[in-house]
Amino acid sequence: MSTIERDLLSRAELDALVREREVELAELKALLAEWREAYEATPKRDALFTTVSGREVKPLYTQLDRVPADDAEALGVPGFYPYTRGPYATMYRTRLWTKRQFAGFATAEETNERYKYLLDHGQTGLSVAFDFPTLMGYDSDHPRSLGEVGVCGVAISSLADMETLFDGIPLDEVSVSMTINGPAIILFCFYVAAAEKQDVSPEKLRGTVQNDILKEYQAQHAWVFPPEPALRCIVDMFAWCSENAPKYNPISISGYHIREAGATAAEELAFTLRNGFEYVERAIARGLDVDTFAPRLSFFFDVHNDFFEEIAKLRAARRIWARGMRERYGAKDPESWRLRTHAQTAGVTLTAQQAENNIVRVAYQAMAAALGGTQSLHTNSMDETLALPTEKAVRIALRTQQVLAFESGVTNTIDPLAGSYFVESLTDELEREALEIFAEVDAVGGVVPGIENGWFQQRIAASAMRQQREIESGERVVVGVNHFTEGSETIEIDTLKIDPEVERRQVARMADMRARRDAAQVERTLAALTAACRTDENVVPRILDCARAECTLFEIRHAMEEVFGAYKEPVFF
Amino acid sequence: MSETDRKIRVLVAKPGLDGHDRGAKVIASAFRDAGFEVIYTGLHQTPEMIVSAAVQEDVDVVAMSVLSGAHMTLFPRVKALLDEAGATDVLLTGGGIIPDDDMQALEARGVGRLFGPGTPTTEAIAYIREWAAAKERA
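Going down the list, the protein sequences come from chains W and H. Number 497 in the working numbering belongs to position 495 of the first sequence; there are no gaps in the numbering. Number 986 in the working numbering belongs to position 71 of the second sequence; there are no gaps in the numbering.
Every clue listed holds true.
Okay, derived cross-link-like pairs now, DMTMM-like style, lysine to aspartate or glutamate, Cα gap no bigger than 20 angstroms in a straight line:
1) K60/W - E431/W
2) K249/W - D335/W
3) K499/W - D1016/H
4) K922/H - E952/H
5) K499/W - D1017/H
6) K499/W - D1015/H
To be clear, the hints were calculated from the coordinates, so they are not data collected in a lab.
Could you put together the complete structure from these sequences and hints?
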């Protein structure tokens, strides 16, 4: 019944409706009492009836678990505030989610070949995995990089490496996501400069840089600068992108790593959105109009084992974000209210034992991501607890998405689980818990103080420990690990290993590059950058100058560190 | 327990640039719950920093968590530095994403047992207790 029709009802008609509803509810309650009796009388399995996050789940959900009258406001319709049912009006009927497999290893040349392979096999976007030295802002030839060059991702130390990475891949056509945070602003500038070399201007760039430093301090731990200057750089990027690269997402506010580090679903949801609101507050405090940058804020969530809880989490995330942006931060553009997200299946759920079973885990998680309404998806490869994935394992992971998208039928209708007593209750419950956790964050002084005094880190570690205890006691079944273990001893999966020769080659390339470039130009651009760091000037154009002059990652980092200092971790366990 | 005159002292260490510390923190808490004295280094330690902490804290065991794939560089380097520092009786053990054949290769080079994903913490605790008991008898 629409609002207008309701307004037109007479008093008598309304009373009749209310009585009708009361009778229905009384009948339902009587039926439920019978059910309860039957339920209590029957023995139950000796099992944990909780989600992996430790949430109690009731045996049955009914319409008594929520007030359906709230649905118009709490659910709305897809593509409209508060976006619970999906960020777009047509969802997968217009465009399926982007199949985006995270990849990178060895040098830019090898990874470039892998990208071309993935694009040839139907992948629709790229996602760059950098090696640890790059993630921490070290060049491949820095002493701290020894043994780690190209091992866990691709080594990118300069513009030349970035150009090689995308050689033959048109950056105005392919959207590229880059997982980089501590030195994100530097790698972003390498990327913009590499696009320039292809004659692609920044306004044509589509893609995302992760650039979410808060969750690095909380969970993932690849940082460079302390929180305040790091946040300044992020706001600089918001401002620069809104003027120069309007189709590019300058941040992907990420719960993935928070969850993988041990957080529960509610903690992942709450920490991520609270971090998101922190960025919004910082940008507004710098004088940016919320509607100039908020439409390009993007998100990234984990999709873990508990099917319904994960679906509810994505739905709750959209609603909390929309309400916060409109009500609290005064955003007027609906684009600023709309939460768009990438999702990845949960790496932490993969097992080394009976690794082929991971294909099945990934498939269920991927389905939860689709039912939760994700905009893009990475499905993990079955062998990732053992090493970097082989081509075969990556292909199966990609095929899993294609089976889901084209065979399962889940893409035919939008938000098919809406109205489910259970899913709607869970969505409400997760929203409520997230708001409670926001209040706890405020009570510890906010996000940055919570990081500095270890509140986030300790809370995540405590949740990780609780899950470990459940697994070790055997209460939480992990197939092939603590139950059904016959056949777990033998692992016969080919794994990809990185030849130590890769490091030597990359170091040699860097030596060539250093010899070739204009040393005076390097010094001049670095000095200008250091000077800009001391002022309120936006540093992006300065870093772009450094990138074009072929300054290396570590040189640029160092020039900034002179002013910003380096982050020191508070150690807790 | 006969060896409880002095608690077993363990340095839990995260070498290299990798920030994945869920495992390191879980194992550190489990060791502490098991009655070991635990020192956790924090992240991003060089082999030199780890060995210097091990010597300074006079530990019995160094337990390293390596998920970055750099284990073939980091374990031998820490082992060599421990030997150089005269800490030849310190057990170097650990865990992470380490393929079986690499585990065997490292064990052949004097590194203790290494544990892969999904290992219960009790298994690592039992291993360290047995090692300490054997050392006491020797």
